[in-house]
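Asks: One-letter residues, chain by chain:
There are 2 protein chains.
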Amino acid sequence: MKIALAQLNFHIGNIGANFEKICTAIIRAKAEGAQLAVFSELAICGYPPQDLLEFSGFISATEGTLQKIAELTDNIAVLIGAPIKNSKNAGNGLLNSAVVMHQGKILHHAPKTLLPNYDIFDERRYFEPIQQNNCITLDGKKILLSVCEDLWFDGDKKNYPSNPFEHWSNEKPDLILNIAASPFSFEHPEARKKILSKAAKLINAPVFYVNAVGAQTDLVFDGGSMVLNREGNVVSELDYFKEDFQCFDLDWVKTAKSVPLETDLVFGSSPDVHTARIHKALVLGITDYFAKMGFKKAVLGLSGGIDSAVVAALAAEALGAENVLGILLPSPFSSDHSISDALDVSRNLNISHQTIYIEEAMLAFDSILKPLWPDAPNDVTEENIQARIRGLILMAISNKKGHLLLNTTNKSEAAVGYGTLYGDMCGAIAVLGDLYKTQVYNLAHYLNRDGIKIPTNIITKAPSAELRPNQKDSDSLPDYELLDRILKLRIEHHYSKNELITEGLPESVVLRVLKLLNQSEYKRHQMPPVLRVSSKAFGSGRRFPIVAQNDF
Amino acid sequence: MKIALAQLNFHIGNIGANFEKICTAIIRAKAEGAQLAVFSELAICGYPPQDLLEFSGFISATEGTLQKIAELTDNIAVLIGAPIKNSKNAGNGLLNSAVVMHQGKILHHAPKTLLPNYDIFDERRYFEPIQQNNCITLDGKKILLSVCEDLWFDGDKKNYPSNPFEHWSNEKPDLILNIAASPFSFEHPEARKKILSKAAKLINAPVFYVNAVGAQTDLVFDGGSMVLNREGNVVSELDYFKEDFQCFDLDWVKTAKSVPLETDLVFGSSPDVHTARIHKALVLGITDYFAKMGFKKAVLGLSGGIDSAVVAALAAEALGAENVLGILLPSPFSSDHSISDALDVSRNLNISHQTIYIEEAMLAFDSILKPLWPDAPNDVTEENIQARIRGLILMAISNKKGHLLLNTTNKSEAAVGYGTLYGDMCGAIAVLGDLYKTQVYNLAHYLNRDGIKIPTNIITKAPSAELRPNQKDSDSLPDYELLDRILKLRIEHHYSKNELITEGLPESVVLRVLKLLNQSEYKRHQMPPVLRVSSKAFGSGRRFPIVAQNDF
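Protein sequences appear in the order of chains A and B.
Per our numbering, residue 1 is the first one in the first sequence, and the count goes up by one each step.
Per our numbering, residue 1 is the first one in the second sequence, and the count goes up by one each step.
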């Protein structure tokens, strides 16, 4: 039995375009002699469709398209993820199913049972976890069907009345199919491989795993579909961060040797595989946001600092240098090096740039506003005005030229509210919003691996917002190494105040950081979507009430 | 048996302040001779605590406070909502429980079983729906404990293996306690009453219902706690949109007469009870946002249009006229009447105002930007610049004076993207973001019920953004009656494109509106939190991917 794995980049809701891709893959699978073509979870509509699932018109469209796909299965079977109506009059109206089609008909569908409902996942909002026997026989082979987290049972989750692996191994399937839409985070590929390997061993059958690839707003799907033998060794891997298509003979899997892991395959001898992955994820995140929104060109402010330099480099890679416009927006407080460093960025990346002095606008607002508070000293108000003048100019360029504005806020700044809402927090997508400042530095070094893209001076100089004379980030914030350590323990690992202090972190700094983190929920509520690369990004995966007190 | 119902306004995460309120109510209940004091769902921490529930430090704090409350129960029993650790090693780690305390001890807790996970609710994210016998005996009375939606079983939901009412009526309880945190929407009070009445009749026991009151960011809890006799008639109601505390004798309930419904009690002879409720909800929403964020004063732009006039009136009522500052921001495109109408608003409401001409800033940006596109005609770019200059000035006043900026975007504008991100879409909270334009007019009429607050000319003139000469909303948008009808069917009732057309709505308008609605997801993603007054508001209750195609 020959099985085609189709790892494709679907577009949420664009069912017509998704159907075209699926057709092309089925035709190719037939041409390569496959008996079965496998597509990812909810392939038909893209993942996550969110509240589109609540529209009957949307479900009708997926159903109609399933029928059209079934018509292509005269001499091949197809397994594809789709929302299927729950025929039981109880619970949510839909099932997140793996649908099997053959000889023009829908033969069977296997609903996902372990529905994730944490972090960015809301599957219990839409789907019902119906349990049924998910084995089918095709071409004389017994196949266990599963959707993504179904294989993630770890004894700690309870949608199953009992350990499903016992049941499944008793079924003695010839192979396991798992279709997924498993969003990327930089430590996730190892976890995924471990789970699939465990499943192969416990059920004693090879696993064919098809993951989605491509970005959907904030979520990046990294692909990395794979085949594991019954010993739990990976015998083949599809590409990461790209569409891929490969056929495998079931018998071949028995004798195939295990391959080196993705870390070697994709990233060669990189010393920093996490950063290398993050780099690819962010480039794909930018590419797909623009492609799926129908835009080609980007604009961003180039401050001479590290964040905008790194975003410019990623954008040039994602969109082509000719499609990126960097805008220098110096004020009287800008240092000479910030201008020369920004010009170096533009030169290194070969992107076009323009310089726009903002002093005239600053003077206009000073003249307009000074009468309201003639005696008040300058404070954060005037700093914010500068940031907002820059935001206004960048949005004007975006509007007039049809370029999307890239946001350059990093996770450390977003966490403590060190940024101006409607100023430097403007933009269509926050490219670095899930990278702590220290990770931005790592990424800058990585981008320079084959030659300088990020000017050395930008990496070595002390970071500054340059909103008043001689300002430094360190005037307002703890050292980034310390800040990021506290933030990561708090945000990713949910450390309490007391746990942070017990960890040996300075109490006064801990208290200050936690206060800033809580006080700036309102800013993050209005920030652009953040490309998610960690296990806990700002955005829909992290939900806090704005008015809450949070001093725990 | 005497039962005290304590309908209190808790603050999420502010467990110390919540504890103080609870203590005060227990002391009062004792003084009034009650044997049982009842508090709302998750009273101890405020509802909805969201991801605070994922912090062990937060759970420890609630546990410690429960112990402190137990110490007060030497001669009274207390029923209170709190998160309780799930002792079973399966599923989510918490239970959303009704905790019974008596004689210094925690006697029992009843976990919520029907966990809502739709619209704004994410209870399956945190809680496990453990089923157990939720009857206890206190003072010789058998009491059925339930949390909010537990009584909402309608045969269509499936967390219960069977119809729970059969089981419950077999238990023959003497009374039913239901503790809730049921967010307001303008048609919800009737639904709630119907459900509670049905439960009383099916189980054949009186119902004592305690709801939360107060606003938590976007959600308003309207109170309206009540007592129903076993025939399902309401025999007493607590106040709406206010804290309240009342004691009831169980025997009295048997003979008590049913009271008029809330509509009569609270709103007298108002012909438009929905608008009257919305009015109270928005005032409470503003009051509590400011109180819980620690602010006293508000600023807003007064355009001379209806939205800002209505927001100003609501803010003056919520915060006191002396705490509201209206800013007129005329441009060369502003009409005389927009200035005079705005001045009338300020005069009618007795709020202070200032007039700031924005032309100087417009000229500065013109001078800065014109060299970038010397030959380009004016377009939406220049309109957005005006809106953003106004946003910048309002934020500067907010920053310098410590006033919170109120956003005036209505639901119709937000739906079709008829507003400028970082311009008129700025603000801390969107007061009218869940009211269609036609509802804003209804509210304006209602605000004028005892004398003119909203100047008649504002209500009768054609709405305009005044961003170019002679601009009218009707140049860009369908008539608001038609637009709002389409939007409501789409947003609240999930009509598909074809269903809208079948409804007799003009196809070209339907297609245009649906396209605008989909295209402006990115703007709504960055808008302020919206005070929710309908069953489907923009915000966390409506989740759409920004990059999605949506032409169904």
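Keep in mind that the hints are not guaranteed to be accurate.
Repeated chains share a single entry, so a pair holds when one copy, or any two copies, can fit it.
Unchecked claim - Heads up, simulated DSSO-like pairs for lysine-lysine below, C-alpha to C-alpha not over 30 Å straight-line:
id, residue 1, residue 2
1, Lys-21, Lys-193
2, Lys-523, Lys-296
3, Lys-523, Lys-297
4, Lys-401, Lys-523
5, Lys-461, Lys-105
6, Lys-141, Lys-194
7, Lys-257, Lys-194
8, Lys-280, Lys-523
9, Lys-370, Lys-201
10, Lys-296, Lys-472
11, Lys-201, Lys-88
12, Lys-523, Lys-400
13, Lys-21, Lys-2
14, Lys-141, Lys-172
Since the hints were made in silico from the structure, they are not lab data.
Asks: Next, verify each hint and record whether it holds.
Replies: Going through the hints against the structure:
{"no.": "1", "hint": "Lys-21 / Lys-193", "verdict": "within (27 Å within a copy, 51 Å between copies)"}
{"no.": "2", "hint": "Lys-523 / Lys-296", "verdict": "both (28 Å within a copy, 19 Å between copies)"}
{"no.": "3", "hint": "Lys-523 / Lys-297", "verdict": "both (27 Å within a copy, 19 Å between copies)"}
{"no.": "4", "hint": "Lys-401 / Lys-523", "verdict": "both (28 Å within a copy, 18 Å between copies)"}
{"no.": "5", "hint": "Lys-461 / Lys-105", "verdict": "neither (65 Å within a copy, 60 Å between copies)"}
{"no.": "6", "hint": "Lys-141 / Lys-194", "verdict": "within (25 Å within a copy, 55 Å between copies)"}
{"no.": "7", "hint": "Lys-257 / Lys-194", "verdict": "within (18 Å within a copy, 66 Å between copies)"}
{"no.": "8", "hint": "Lys-280 / Lys-523", "verdict": "both (28 Å within a copy, 27 Å between copies)"}
{"no.": "9", "hint": "Lys-370 / Lys-201", "verdict": "neither (73 Å within a copy, 67 Å between copies)"}
{"no.": "10", "hint": "Lys-296 / Lys-472", "verdict": "neither (35 Å within a copy, 32 Å between copies)"}
{"no.": "11", "hint": "Lys-201 / Lys-88", "verdict": "between (34 Å within a copy, 28 Å between copies)"}
{"no.": "12", "hint": "Lys-523 / Lys-400", "verdict": "both (27 Å within a copy, 17 Å between copies)"}
{"no.": "13", "hint": "Lys-21 / Lys-2", "verdict": "within (20 Å within a copy, 68 Å between copies)"}
{"no.": "14", "hint": "Lys-141 / Lys-172", "verdict": "within (11 Å within a copy, 56 Å between copies)"}
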